[in-house]
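S.K.: So the chains spell out like this:
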Amino acid sequence: MKRSEIPTFQPRLRVLNREQALAIHTAALEILEKTGFKMEHPRALEMLVDRGCEIFDGDWLRMPPHLVEEALKSAPKQISLYDQKGAKAMDLTGENSFYGTGSDATFTLDVETGERRRTVLKDVSNFATLVDDLENIDFAMSMANPEDAPIEDIYVYVFAEMVRNINKPIVFIADSGRDIAKIHEIACSVVGGEEELQRKPFILNYSEAISPLRFPENVMEKLIFCAQKKIPLCLPSGSNAGGGAPVTLAGAMALGIAENLVGLVVHQMAGKGSPFLFGPNVSALDMKSSVVCYGCPEWSLTQAALADMRDEIYGLPIWAFAGASDAKVMDAQAGAEAMFSIITAMLSRANLIHDVGFLEYGSTSSLEMITMANELIAMSRFYVQGIPVNDATLALEVIERVGRGGPGSIFLMDDHTYDHFMEALFLPKLLDRSRYDAWKNEGAMDLYKRCNMEAKRILFEHEVDPKPDAVLKEIEQILKSS
Amino acid sequence: MSEFSALSEAVIKGDIQTAVAETQTALDAGSNVQDIVDKGLIAAMDQVGEKFSTGQMFVPQMLRSAKTMQECMKLIKPLFEEGQLSAKGKVVIGTVRQDLHDIGKNLVAMMMEGAGFSITDLGVDVSPKDFTQKAQEVGADIVAMSALLSTTMPAMRETIEALQEAGIRDKVKVMIGGAPVTENFASEIKADSYAPDAGSAVIAAKKLLGIS
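For the protein sequence lines, the chains are A and B, in the order given.
The first sequence begins at 1 in my numbering and counts up one residue at a time.
The second sequence begins at 1 in my numbering and counts up one residue at a time.
Just chain A, same shape as in the assembly:
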C-alpha cells in the first residue's frame, strides 16, 4: 500500500509566547499615549493633531491607540518587489526570507590589496555587480558612502551607480524630500514611467527616525513622499539597547515598535494602503566601545521576537538584518557572527534581511564577506527545508537492494543515489571539504582567500544586462541637473 503524503515540518524558531508579544505591544502603545513623541515635520504634526493626537510642549504629541489600529488595518500585508526588468523578485510576505547588502559603509576592504580604505563610487558598482550575480543575495544596498561623490547629492549618485550595475531590486537611502525626488525620477526612467514604477516597484526606501522618540523634518519628508508615490518604505529607528533605548531588550523593543508605529500612522495618513515594511533595529550598544553591535546575539534575538510579534499581532512583512560582523577582517569571528544571524533570521522567517557583508559594526564593507554569506544562506536554506519523509526518501527498497546485494554493492553506485544526491544533500562551493593533500596542493587557501578569488572572478566575468542608452542618458541629465 502506498504511504499517504506526510507534510514536512520546516525548522522554525520562536522566542516569545503570546503573552510576551501582547505585553510588548501594549507597552509600545502606552509610550505613545503617555510619554508621547517629538514631531518636527509641521504638516505631519498637523495631520496627527487633526486625527486626535494631543499636542504639548511645542511639537510633542500623544497618540491614542485607535490611530495605530487603523493604520495597521490599512497597511498591505504583502509587499512585492520586482527586478528592474519587471519580473517579480521578492514576495515580502508570510514565511519568505530575502537577503541583501547594507548601505553607507565609510570603508571597504580593497579586493586587490585587502587593505581597509575609504569607499569610492567604483565600489558601489562593484558591490552591485557582485550582488547581481550571487544567487542567494536578492537585493542591493550601496555598501558605500563614496568620498568621490558630491556630498549634497551623494545618495543620487550612489543610486545611479547601482542602477547602472544591477537589475535586482534596490533598497536606497536619501537625505530629504529633495534628493528622494531625483532618485524617484531615475527609478521612473528605468522602468518607463511613474505608473509602471507604482505597479512594479523595484525600489524600497530605508529611512530612520531618531531614538528616543524624535521624528526629524527631513525624515518625515521622505516618508510622506514614499507614501504618496507608493514607494515601499521602512522606518526602523535605532532603538539599540543601552544606546537610543533602555538596556533591557523588552523595553528597547517596545520603544522601537512605538517609533515604528508613529511612522506607520503618518505613512497611512499620507497614503492610505501604501506599502510599509515593519520593524525597528534593536541591537545593543557594546558596553566597552559603545559601538552598535552587528554580530551580537541580542539583535538576532530581538528580530526573532519581532517576527513572533508579526505573527501574533501586526501581520505586516518585516525588516531585519543578518550576515554582518563586528570583526575588522573576515576571520573566524566574522564567519561565526555572520552565520549566527543568517540562520536565526531564516529560522524566524524575517522577510527583508539587510546588512549582509558588513564588517567592523557596519563601517566596513567586504566583497568577500558577501561571497561567503551567499554560501551560508544556501546552507541555511538547505537546513530550513527540513527532512521530507516519503517512500523515495525512506528508500526501503534501496536499503534492501544494497544491503542484500552481495559484494561490491554500495549505495554510491546505486541509481537512487545518482537520482537524488543533488537535492538530498547540501553541496558546498566555497566551504572546503577537500582532503588535506589536495587542499595543500591547491595553495592551502583559507575561506577568505577563496572568497576573494571568487569575488574577483565574478567581477571579471559577470556581465550585467545594460540599461538602454536612452535610460543612461536620462540618468546623466538628472545627475547634471543636481
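When the alpha-carbon atoms are kept at most 30 Å apart in a straight line, the in silico DSSO-like pairs for lysine-lysine are as follows: (1) Lys67(B) / Lys34(A); (2) Lys328(A) / Lys51(B); (3) Lys38(A) / Lys129(B); (4) Lys122(A) / Lys190(B); (5) Lys90(B) / Lys288(A); (6) Lys67(B) / Lys288(A); (7) Lys288(A) / Lys74(B); (8) Lys288(A) / Lys88(B); (9) Lys67(B) / Lys38(A); (10) Lys90(B) / Lys13(B); (11) Lys328(A) / Lys207(B); (12) Lys288(A) / Lys51(B); (13) Lys88(B) / Lys74(B); (14) Lys38(A) / Lys134(B); (15) Lys288(A) / Lys207(B); (16) Lys39(B) / Lys288(A).
None of these hints come from the bench; they were simulated from the model.
Could you slot chain B onto chain A? The hints should help.
M.R.: Positioned in the frame of chain A, the structure of chain B alone reads:
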C-alpha cells in the same frame, strides 16, 4: 596614598553617597578646595579613564564615576569665585547643523568633564555661527564637533570657516568625530584633531592643549 584616597575610591566605584560624604568631610576639615578637585576627584577620574581604556571598566560604570564627580562638584563649585576654579581647558561641544544625533557627543562631553575640562554643551543642530559665538563668549580652548550623517559633515568645514572669519581660529583647537568622519577628512578641512571614540577624544584634547 593621598589624603583623599577614600574620596577617590568612592568616585572610582561610582558610590555617589560615600563620595559626597567624603567631599563634605574634606571641606569640613578645611582641606584646600583646589586640592580636593585635583588630588581627589580628577585623580580618580584619571584612573577611571585608564581602567576604561584598558577594558577593565564598562561604559555605564565609567559614566557613573563621572556622575559621582559631578555630584561632588555641586558642593565645591559654590566655594569658588567665577572663573577661579582652574579647569584643564574650556571646551565648546555640539552636534553640527542639521544633525540631531547626540549619543556619541554626550559620551565625549561626559568623559571630558570627568577628565577636568570645563564643558559648554550646545546640544544638537548647532550652526557655525552658534559654535563661533559661544567659543568667543567663553574663551574656548577647544571646539569639538560631532556628525553622524555624511550629509552633515560639510557643516564641520563651514564651522571652521566661521571660526576663521571671526578671527579666532588660531585661538581654538578644533576636534571632530562621528561615524562617517575620518582622519583624512579632518586634515582635509584643517581640523586639529580627529577622535574615533570618546576615550581617544579625551586623550586627543589633552594632547592638543599640551597637558598630560
